[in-house]
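Q: Each chain, letter by letter, is given below.
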Amino acid sequence: MNILIPIKRVIDYKVPVRVKPDHSGVVTENIKMSMNPFDEIALEEAIRLKEKGIASQLTAVTIGTQACQDILRHAYALGVDQAMLLETDKSLEPLAIGNILKAIADKTDAQLIIMGKQAIDDDNNQAGQILAAKLGWAQACFASEVNIEGDSATVVREVDGGLETLKLQLPAVITTDLRLNEPRLAKLPDIMKAKSKTIEIIPVSDLGIDLPEQIEILETTPPKPRAKGQMVGSVDELLEKLRDLM
Amino acid sequence: MSKILIIAEHVNGQRQPAVYHCVMAAKQLGDDIKVLAVEANVTAENAAAYIAKLANGYTHILAPANTFGKNILPRLSGLLDAPMLSDITEIHDAATFSRPIYAGNAFTKVKIKSKQVLLTIRPTAFEADKTEPEVEKIQITEDLGLSKFVKLEAHTSDRPDLTTADIVISGGRGLQSKENFAMLERIADKLNAAVGASRAAVDAGFVPNDYQVGQTGKIVAPKLYIAVGISGAIQHLAGMKDSKTIVAINKDPDAPIFEIADYSLVADLFKVLPELEEKL
Ligand SMILES: Cc1cc2nc3c(=O)[nH]c(=O)nc-3n(C[C@H](O)[C@H](O)[C@H](O)COP(=O)(O)OP(=O)(O)OC[C@H]3O[C@@H](n4cnc5c(N)ncnc54)[C@H](O)[C@@H]3O)c2cc1C
Numbered sequence: 005m006n007i008l009i010p011i012k013r014v015i016d017y018k019v020p021v022r023v024k025p026d027h028s029g030v031v032t033e034n035i036k037m038s039m040n041p042f043d044e045i046a047l048e049e050a051i052r053l054k055e056k057g058i059a060s061q062l063t064a065v066t067i068g069t070q071a072c073q074d075i076l077r078h079a080y081a082l083g084v085d086q087a088m089l090l091e092t093d094k095s096l097e098p099l100a101i102g103n104i105l106k107a108i109a110d111k112t113d114a115q116l117i118i119m120g121k122q123a124i125d126d127d128n129n130q131a132g133q134i135l136a137a138k139l140g141w142a143q144a145c146f147a148s149e150v151n152i153e154g155d156s157a158t159v160v161r162e163v164d165g166g167l168e169t170l171k172l173q174l175p176a177v178i179t180t181d182l183r184l185n186e187p188r189l190a191k192l193p194d195i196m197k198a199k200s201k202t203i204e205i206i207p208v209s210d211l212g213i214d215l216p217e218q219i220e221i222l223e224t225t226p227p228k229p230r231a232k233g234q235m236v237g238s239v240d241e242l243l244e245k246l247r248d249l250m
Numbered sequence: 071m072s073k074i075l076i077i078a079e080h081v082n083g084q085r086q087p088a089v090y091h092c093v094m095a096a097k098q099l100g101d102d103i104k105v106l107a108v109e110a111n112v113t114a115e116n117a118a119a120y121i122a123k124l125a126n127g128y129t130h131i132l133a134p135a136n137t138f139g140k141n142i143l144p145r146l147s148g149l150l151d152a153p154m155l156s157d158i159t160e161i162h163d164a165a166t167f168s169r170p171i172y173a174g175n176a177f178t179k180v181k182i183k184s185k186q187v188l189l190t191i192r193p194t195a196f197e198a199d200k201t202e203p204e205v206e207k208i209q210i211t212e213d214l215g216l217s218k219f220v221k222l223e224a225h226t227s228d229r230p231d232l233t234t235a236d237i238v239i240s241g242g243r244g245l246q247s248k249e250n251f252a253m254l255e256r257i258a259d260k261l262n263a264a265v266g267a268s269r270a271a272v273d274a275g276f277v278p279n280d281y282q283v284g285q286t287g288k289i290v291a292p293k294l295y296i297a298v299g300i301s302g303a304i305q306h307l308a309g310m311k312d313s314k315t316i317v318a319i320n321k322d323p324d325a326p327i328f329e330i331a332d333y334s335l336v337a338d339l340f341k342v343l344p345e346l347e348e349k350l
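Protein chains in written order, with my numbering: chain A, 5 to 250; chain B, 71 to 350.
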């Protein structure tokens, strides 16, 4: 079984994000970038499926600029067999991402796509579901447990009401939640080896795919600040302050 | 003219409160509003395929920004090739919306150029509409055979729902164990509050996953939010910083949670919680 793992390069989750003074976006210059944390979980799950002998070929793919090669090298160091960069300078809309990933799913003959439930930059939580729709495949979003048996997958999903179990017919798209697994760290020798691996680079414009542009970003602003709070010295003082609220 | 469709969730035939917030948002767009209800155990594949067939003519299709809406609506977006905006917090006009990005550390204002747009509505950003909307329950008979609902392990409690409670008391890693969480629960019961948690508390198994508040958990905005033994990582703040009043109890005076708290108590929670329980 071939697994496709779409990944995204985002501002590292530990870095405080700042809005540019002219409100044209957020500051990304000289800021640490990393693989989206949910995508690391997706990669880990795919690698485990390969270790169990369930998956044969793992392909990591990202869409973005040349700079995104670093997360693909990281994916190589962790254990994927193939890495692809769909190169573009544009920030693409979710439907365009869906169209591109569909083409790559076809090209790599994927039977399973595992990806993060959301990227922590745009927080959209859309790409996996859009891709599943475009492929006409089953979907299981926010997975916290995945079991593959033959041509079906049993997935436990984290939903607002608790834990939901679904049984999917493969091929399918699974999006990962935080508790699916704990991603391993890359080993130094593997990081060294990953440096010489080939990344297949395909300009997005060469794919001849429709890239809808229907969302115009007008401005990006910081959140409204909260009024400054105060210290209380004791439980009694706290209860006094909260008297009207409880 | 706007023509609006709201996709609402029913659990065993029961309306879920998020629909009232969607109706409030819809009313800002126009008054031609239809509400369709889908049972929670209908798969996203079957629900989206069904809705796609009747979606023609609607300018806006709304669903709540919770795990129900986030599952179905993007799939519908893919089927209709209509763009979707997630987690809308403000409606400026029928084509212009604001939404949080980067865990709420920035907001983006966007304009839609298509005839049809799909929106998930952040329930805490819109008041609940007071009227009972007319709801059409859809009976989905066609099964695409792609996936099957097996079961839901629901965690039932007599406490108010986390997303709609007036008071939420949340615990973090500082609570140290499941047993200690019971202290919070007793206080919650005295206050008629819901209990929430940080990711670290859920990961450690102190409480079930559906307690998690944050960027990737539930978004809450109660009148009073009490954070106990929670450091205040941006991913947690993203889920609660719109609460009216925030109380933080933490033994570390430098904990980031204090930067957004209205009332900060630097103290050991194991001393504070028993005292609170006694004095309430
Ligand atoms: C992609 C991603 C998504 C995430 N999504 C979420 C999310 O949705 N929600 C979420 O909460 N987190 C989320 N996180 C995790 C987040 O980054 C933090 O790791 C988490 O919120 C920390 O939980 P905590 O505050 O309970 O634990 P810690 O950061 O370990 O803080 C524990 C606190 O307890 C205090 N404490 C300890 N003992 C006592 C005592 N006796 N008395 C008083 N205080 C005490 C300590 O001083 C400390 O401040 C996410 C992370 C990532 C990478």
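Read the hints as simulated data drawn from the structure, not as lab findings.
Honestly, I wouldn't trust all of these hints.
Now the in silico label distances, taken between C-beta atoms and shown as ranges [unchecked claim]:
id, chain 1, residue 1, chain 2, residue 2, range
1, B, LYS314, A, GLY212, 30 to 38 Å
2, B, GLN246, A, LEU192, 49 to 57 Å
3, A, GLY29, B, LYS321, 35 to 43 Å
4, B, ASP324, A, LEU189, 22 to 30 Å
5, B, LYS248, A, LYS36, 42 to 50 Å
Taking lysine-lysine pairs in the DSSO-like style, the calculated list, with each CA pair at most 27 Å apart, reads [stated by the list, open to error]:
id, chain 1, residue 1, chain 2, residue 2
6, B, LYS221, B, LYS207
7, A, LYS36, A, LYS94
8, A, LYS138, B, LYS183
9, B, LYS181, A, LYS24
10, A, LYS54, A, LYS232
11, A, LYS171, B, LYS179
12, B, LYS314, A, LYS245
13, B, LYS260, A, LYS245
14, B, LYS321, A, LYS245
15, A, LYS36, A, LYS138
16, A, LYS138, B, LYS181
17, A, LYS228, B, LYS123
18, B, LYS321, A, LYS232
19, B, LYS183, B, LYS73
20, A, LYS36, B, LYS179
21, B, LYS97, B, LYS185
22, A, LYS54, B, LYS218
23, A, LYS228, B, LYS260
24, B, LYS207, A, LYS18
25, A, LYS24, B, LYS321
26, B, LYS349, A, LYS138
27, A, LYS228, B, LYS293
28, A, LYS171, B, LYS321
29, B, LYS179, A, LYS24
30, A, LYS171, B, LYS200
31, A, LYS138, B, LYS218
32, A, LYS94, B, LYS179
33, B, LYS293, B, LYS221
34, A, LYS245, A, LYS18
35, A, LYS94, B, LYS218
Where is the CB? At the ideal position from N, CA and C, for every residue including glycine.
Q: Does each hint fit the structure? Answer for all of them.
A: Verification of the hints:
Look at LYS314 (chain B) against GLY212 (chain A): about 52 Å separates their beta carbons, and that is not inside 30 to 38 Å. Checked against the given bound of 49 to 57 Å, the beta carbons of GLN246 (chain B) and LEU192 (chain A), roughly 35 Å apart, lie outside it. Our hint of 35 to 43 Å for GLY29 (chain A) and LYS321 (chain B) holds, since their Cβ atoms are close to 38 Å apart. The hinted range of 22 to 30 Å is satisfied by ASP324 (chain B) and LEU189 (chain A), whose Cβ atoms lie roughly 28 Å apart.
At roughly 35 Å, the beta-carbon separation of LYS248 (chain B) and LYS36 (chain A) lies outside the given 42 to 50 Å, and the hint is violated. Of the pairs offered as hints, the one joining LYS221 (chain B) and LYS207 (chain B) holds, with about 21 Å between alpha carbons and a cut-off of 27 Å not exceeded. For the hint linking LYS36 (chain A) to LYS94 (chain A), the alpha-carbon distance of about 20 Å falls within 27 Å, and the restraint holds. The straight-line distance between the Cα atoms of LYS138 (chain A) and LYS183 (chain B) is roughly 21 Å, inside the 27 Å bound, and the hint therefore holds.
As the CA atoms of LYS181 (chain B) and LYS24 (chain A) are separated by approximately 20 Å, the hinted pair is consistent with the 27 Å bound. For the given pair, LYS54 (chain A) sits about 52 Å from LYS232 (chain A) by alpha-carbon distance, which is inconsistent with the 27 Å threshold. Only pairs whose Cα atoms come within 27 Å are accepted, and LYS171 (chain A) paired with LYS179 (chain B) is rejected, the gap being roughly 39 Å. Distance check on the hinted pair: LYS314 (chain B) and LYS245 (chain A) sit about 14 Å apart at the alpha-carbon level, within 27 Å; holds.
The straight-line distance between the Cα atoms of LYS260 (chain B) and LYS245 (chain A) is roughly 18 Å, inside the 27 Å bound, and the hint therefore holds. Distance check on the hinted pair: LYS321 (chain B) and LYS245 (chain A) sit about 20 Å apart at the alpha-carbon level, within 27 Å; holds. Straight-line distance between C-alpha atoms of LYS36 (chain A) and LYS138 (chain A) comes to about 33 Å, which puts the hinted pair past the 27 Å bound. This hinted pair checks out: LYS138 (chain A) and LYS181 (chain B) have alpha carbons roughly 24 Å apart, not beyond 27 Å.
Among the hinted pairs, LYS228 (chain A) with LYS123 (chain B) is inconsistent with the structure: their alpha-carbon atoms are about 41 Å apart, more than 27 Å. Taken as a hint, the LYS321 (chain B) and LYS232 (chain A) pair is honoured in the structure, with Cα atoms around 20 Å apart against an allowance of 27 Å. Between the alpha carbons of LYS183 (chain B) and LYS73 (chain B) the distance comes to roughly 16 Å, so the proposed pair stays at or under 27 Å and holds. With a C-alpha separation of about 25 Å, the suggested pairing of LYS36 (chain A) with LYS179 (chain B) holds against the 27 Å cut-off.
Straight-line distance between C-alpha atoms of LYS97 (chain B) and LYS185 (chain B) comes to about 19 Å, which keeps the hinted pair within the 27 Å bound. At most 27 Å may separate the alpha-carbon atoms for a hinted pair to count; LYS54 (chain A) and LYS218 (chain B) meet this at roughly 25 Å. Between LYS228 (chain A) and LYS260 (chain B), the direct Cα distance comes to roughly 33 Å. Violation of the 27 Å bound is thereby established for this hinted pair. Among the hinted pairs, LYS207 (chain B) with LYS18 (chain A) is inconsistent with the structure: their alpha-carbon atoms are about 44 Å apart, more than 27 Å.
At roughly 34 Å between alpha-carbon atoms, LYS24 (chain A) and LYS321 (chain B) are farther apart than 27 Å, so this suggested pair is violated. At roughly 58 Å between alpha-carbon atoms, LYS349 (chain B) and LYS138 (chain A) are farther apart than 27 Å, so this suggested pair is violated. A threshold of 27 Å between alpha carbons decides the hint, and for LYS228 (chain A) with LYS293 (chain B) the separation of about 18 Å falls inside it, so the pair holds. At roughly 45 Å between alpha-carbon atoms, LYS171 (chain A) and LYS321 (chain B) are farther apart than 27 Å, so this suggested pair is violated.
Among the hinted pairs, LYS179 (chain B) with LYS24 (chain A) is consistent with the structure: their alpha-carbon atoms are about 14 Å apart, no more than 27 Å. With a C-alpha separation of about 38 Å, the suggested pair LYS171 (chain A) and LYS200 (chain B) falls outside the 27 Å cut-off, and the hint is violated. Our distance criterion of 27 Å between C-alpha atoms is met by LYS138 (chain A) and LYS218 (chain B), whose separation comes to about 19 Å. For a cut-off of 27 Å, the pair hint linking LYS94 (chain A) to LYS179 (chain B) stands: about 18 Å separates their Cα positions.
For the proposed pair LYS293 (chain B) and LYS221 (chain B), the alpha carbon gap of about 34 Å is over 27 Å, so the pair is violated. A distance of roughly 34 Å separates the Cα atoms of LYS245 (chain A) and LYS18 (chain A); the hinted pair therefore is violated under the 27 Å criterion. Between LYS94 (chain A) and LYS218 (chain B) the alpha-carbon distance is near 38 Å, which puts this suggested pair outside the 27 Å criterion.
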